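> Read off the chains here:
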Amino acid sequence: EADIYQTPRYLVIGTGKKITLECSQTMGHDKMYWYQQDPGMELHLIHYSYGVNSTEKGDLSSESTVSRIRTEHFPLTLESARPSHTSQYLCASSNWGETQYFGPGTRLLVL
Amino acid sequence: GENVEQHPSTLSVQEGDSAVIKCTYSDSASNYFPWYKQELGKRPQLIIDIRSNVGEKKDQRIAVTLNKTAKHFSLHITETQPEDSAVYFCAASKNSGAGSYQLTFGKGTKLSVIP
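Sequences listed follow chains A and B, in order. When you number the first sequence by our numbering, it's gap-free, plus one each residue, and the end is 511. When you number the second sequence by our numbering, it's gap-free, plus one each residue, and the end is 116.
Since the hints were made in silico from the structure, they are not lab data. Just so we're clear, the structure is a prediction, and the values are computed from it rather than from any experiment. Don't be surprised by glycine CBs; every beta carbon is placed ideally from N, CA and C. Hints are not guaranteed to be accurate.
Capping the alpha-carbon separation at 20 angstroms, the derived lysine to aspartate or glutamate pairs in EDC-like fashion look like this [to be verified]:
| # | chain 1 | residue 1 | chain 2 | residue 2 |
| --- | --- | --- | --- | --- |
| 1 | B | 95 | B | 60 |
| 2 | B | 38 | A | 403 |
| 3 | B | 38 | A | 438 |
| 4 | B | 111 | A | 442 |
| 5 | B | 43 | A | 430 |
| 6 | B | 95 | A | 403 |
| 7 | B | 43 | B | 18 |
| 8 | B | 43 | A | 438 |
| 9 | A | 457 | A | 430 |
| 10 | B | 95 | B | 57 |
| 11 | B | 111 | A | 438 |
| 12 | B | 69 | B | 40 |
| 13 | B | 95 | A | 459 |
| 14 | B | 23 | B | 6 |
| 15 | B | 95 | B | 50 |
| 16 | A | 457 | A | 472 |
| 17 | A | 457 | B | 3 |
| 18 | B | 108 | A | 442 |
| 19 | B | 72 | B | 57 |
| 20 | B | 38 | B | 84 |
| 21 | B | 95 | A | 430 |
| 22 | B | 43 | A | 442 |
| 23 | B | 111 | B | 28 |
| 24 | B | 43 | A | 401 |
| 25 | B | 108 | A | 459 |
| 26 | B | 23 | A | 472 |
| 27 | B | 108 | B | 80 |
| 28 | B | 38 | A | 442 |
| 29 | B | 108 | A | 438 |
| 30 | B | 23 | B | 3 |
| 31 | B | 95 | A | 438 |
| 32 | B | 43 | A | 403 |
| 33 | B | 23 | B | 60 |
| 34 | B | 108 | B | 60 |
| 35 | B | 38 | B | 6 |
Rough simulated footprint, nothing fancy, chain A against chain B, three-plus residues with beta-carbon under 8 angstroms [what the hints assert, rightly or not]:
| # | stretch |
| --- | --- |
| 36 | 42-48 |
| 37 | 103-116 |
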């Protein structure tokens, strides 16, 4: 079944650790996005990609980085996690001019 | 950039009543307006969307209206049911090139349907 997958779903980690949040999609979409969302609050775009080797920063400044080496894969990396990074991270994808579909999210807690 | 205001932030209705959520946007070039429903602990899911060449769109108990002149759009849910309880987000965007829509979201409305 076509879907968007995110791993891990939950992550508790200590300050200063490097983490990578995985996102993959079998939707056949070209465009992928990362949003940051505190529970029940608005979504903020932090990164997006129009295709392989294309990445852009979103409206919300973020210390994270992304890469897009394969169409279906869009990982997000934090080199040194801090408590201020505690949040939910949602991956989404879309095709040309179409709706964005969201993955289940990764809830990150940095101690 | 685009700014989307959403009201109310919380809304409680009796089961069977109607619910209306309103959003305004600032960028007159915005031309795509989706609505997402997010249940507790779940991912946002698209429930309806409208493009700027249409004034109203309906899907069973859900409808969206768009007033381009006033730059506002609204979500209408009729005959509400307890399973409609969730946080609803409006969003606005324009084609940002390469056929992609960058969405700007409202802050969300927590809808509670009381049985």
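> Hint by hint, say whether it matches the structure.
Hint by hint, here is what the structure shows:
1. Between residue 95 of chain B and residue 60 of chain B the CA atoms are separated by roughly 23 angstroms; this puts the pair beyond 20 angstroms, and the hint is violated.
2. With a C-alpha separation of about 18 angstroms, the suggested pairing of residue 38 of chain B with residue 403 of chain A holds against the 20 angstroms cut-off.
3. For the hint linking residue 38 of chain B to residue 438 of chain A, the alpha-carbon distance of about 16 angstroms falls within 20 angstroms, and the restraint holds.
4. Our distance criterion of 20 angstroms between C-alpha atoms is met by residue 111 of chain B and residue 442 of chain A, whose separation comes to about 11 angstroms.
5. Simply put, residue 43 of chain B and residue 430 of chain A have alpha-carbon atoms about 24 angstroms apart, too far for the 20 angstroms limit, and the pair is violated.
6. Restraint check for residue 95 of chain B and residue 403 of chain A: not satisfied, since their Cα atoms lie roughly 25 angstroms apart, outside the 20 angstroms limit.
7. Between residue 43 of chain B and residue 18 of chain B, the direct Cα distance comes to roughly 25 angstroms. Violation of the 20 angstroms bound is thereby established for this hinted pair.
8. As the CA atoms of residue 43 of chain B and residue 438 of chain A are separated by approximately 13 angstroms, the hinted pair is consistent with the 20 angstroms bound.
9. For the hint linking residue 457 of chain A to residue 430 of chain A, the alpha-carbon distance of about 17 angstroms falls within 20 angstroms, and the restraint holds.
10. Of the supplied pair hints, the one linking residue 95 of chain B and residue 57 of chain B holds, its CA atoms being roughly 18 angstroms apart against a limit of 20 angstroms.
11. Straight-line distance between C-alpha atoms of residue 111 of chain B and residue 438 of chain A comes to about 14 angstroms, which keeps the hinted pair within the 20 angstroms bound.
12. Proposed proximity of residue 69 of chain B and residue 40 of chain B is contradicted: the alpha carbons are some 29 angstroms apart, above 20 angstroms.
13. Distance restraint check for residue 95 of chain B and residue 459 of chain A: the Cα-Cα separation of roughly 15 angstroms lies within the 20 angstroms cut-off, and the hinted pair is therefore satisfied.
14. For the given pair, residue 23 of chain B sits about 8 angstroms from residue 6 of chain B by alpha-carbon distance, which is consistent with the 20 angstroms threshold.
15. Of the supplied pair hints, the one linking residue 95 of chain B and residue 50 of chain B holds, its CA atoms being roughly 13 angstroms apart against a limit of 20 angstroms.
16. Our distance criterion of 20 angstroms between C-alpha atoms is met by residue 457 of chain A and residue 472 of chain A, whose separation comes to about 19 angstroms.
17. With a C-alpha separation of about 16 angstroms, the suggested pair residue 457 of chain A and residue 3 of chain B falls inside the 20 angstroms cut-off, and the hint holds.
18. In summary, the hint linking residue 108 of chain B to residue 442 of chain A is supported, as the alpha carbons are separated by about 4 angstroms, within the 20 angstroms threshold.
19. The hinted pair formed by residue 72 of chain B and residue 57 of chain B meets the criterion: a straight-line CA distance of about 14 angstroms does not exceed 20 angstroms.
20. With a C-alpha separation of about 11 angstroms, the suggested pair residue 38 of chain B and residue 84 of chain B falls inside the 20 angstroms cut-off, and the hint holds.
21. Between residue 95 of chain B and residue 430 of chain A, the direct Cα distance comes to roughly 18 angstroms. Compliance with the 20 angstroms bound is thereby established for this hinted pair.
22. The hinted pair formed by residue 43 of chain B and residue 442 of chain A meets the criterion: a straight-line CA distance of about 14 angstroms does not exceed 20 angstroms.
23. Proximity of residue 111 of chain B to residue 28 of chain B is assessed by CA-CA distance (about 25 angstroms); at most 20 angstroms being required, the pair is judged violated.
24. Under the criterion of a C-alpha separation no larger than 20 angstroms, the hint pairing residue 43 of chain B with residue 401 of chain A is consistent with the structure, at around 18 angstroms.
25. For a cut-off of 20 angstroms, the pair hint linking residue 108 of chain B to residue 459 of chain A stands: about 15 angstroms separates their Cα positions.
26. Annotation: proposed proximity of residue 23 of chain B to residue 472 of chain A is violated, straight-line Cα distance about 35 angstroms (limit 20 angstroms).
27. Of the pairs offered as hints, the one joining residue 108 of chain B and residue 80 of chain B is violated, with about 24 angstroms between alpha carbons and a cut-off of 20 angstroms exceeded.
28. This hinted pair checks out: residue 38 of chain B and residue 442 of chain A have alpha carbons roughly 12 angstroms apart, not beyond 20 angstroms.
29. Taking the CA atoms of residue 108 of chain B and residue 438 of chain A, the gap is near 11 angstroms; set against the 20 angstroms cutoff, the hint holds.
30. Distance hint between residue 23 of chain B and residue 3 of chain B is fulfilled; the C-alpha atoms sit about 16 angstroms from each other, no more than 20 angstroms.
31. Of the pairs offered as hints, the one joining residue 95 of chain B and residue 438 of chain A is violated, with about 25 angstroms between alpha carbons and a cut-off of 20 angstroms exceeded.
32. A threshold of 20 angstroms between alpha carbons decides the hint, and for residue 43 of chain B with residue 403 of chain A the separation of about 14 angstroms falls inside it, so the pair holds.
33. Among the hinted pairs, residue 23 of chain B with residue 60 of chain B is consistent with the structure: their alpha-carbon atoms are about 18 angstroms apart, no more than 20 angstroms.
34. Between residue 108 of chain B and residue 60 of chain B the CA atoms are separated by roughly 24 angstroms; this puts the pair beyond 20 angstroms, and the hint is violated.
35. Under the criterion of a C-alpha separation no larger than 20 angstroms, the hint pairing residue 38 of chain B with residue 6 of chain B is consistent with the structure, at around 17 angstroms.
36. Three residues within the 8 angstroms Cβ limit are the bar, and the stretch 42-48 of chain B against chain A gives 5, so the coverage statement holds.
37. With 8 residues bearing a CB less than 8 angstroms from a CB of chain A, the stretch 103-116 of chain B meets the requirement of three and the coverage assertion stands.
When each numbered hint is compared with the structure, violations occur for hints 1, 5, 6, 7, 12, 23, 26, 27, 31 and 34.
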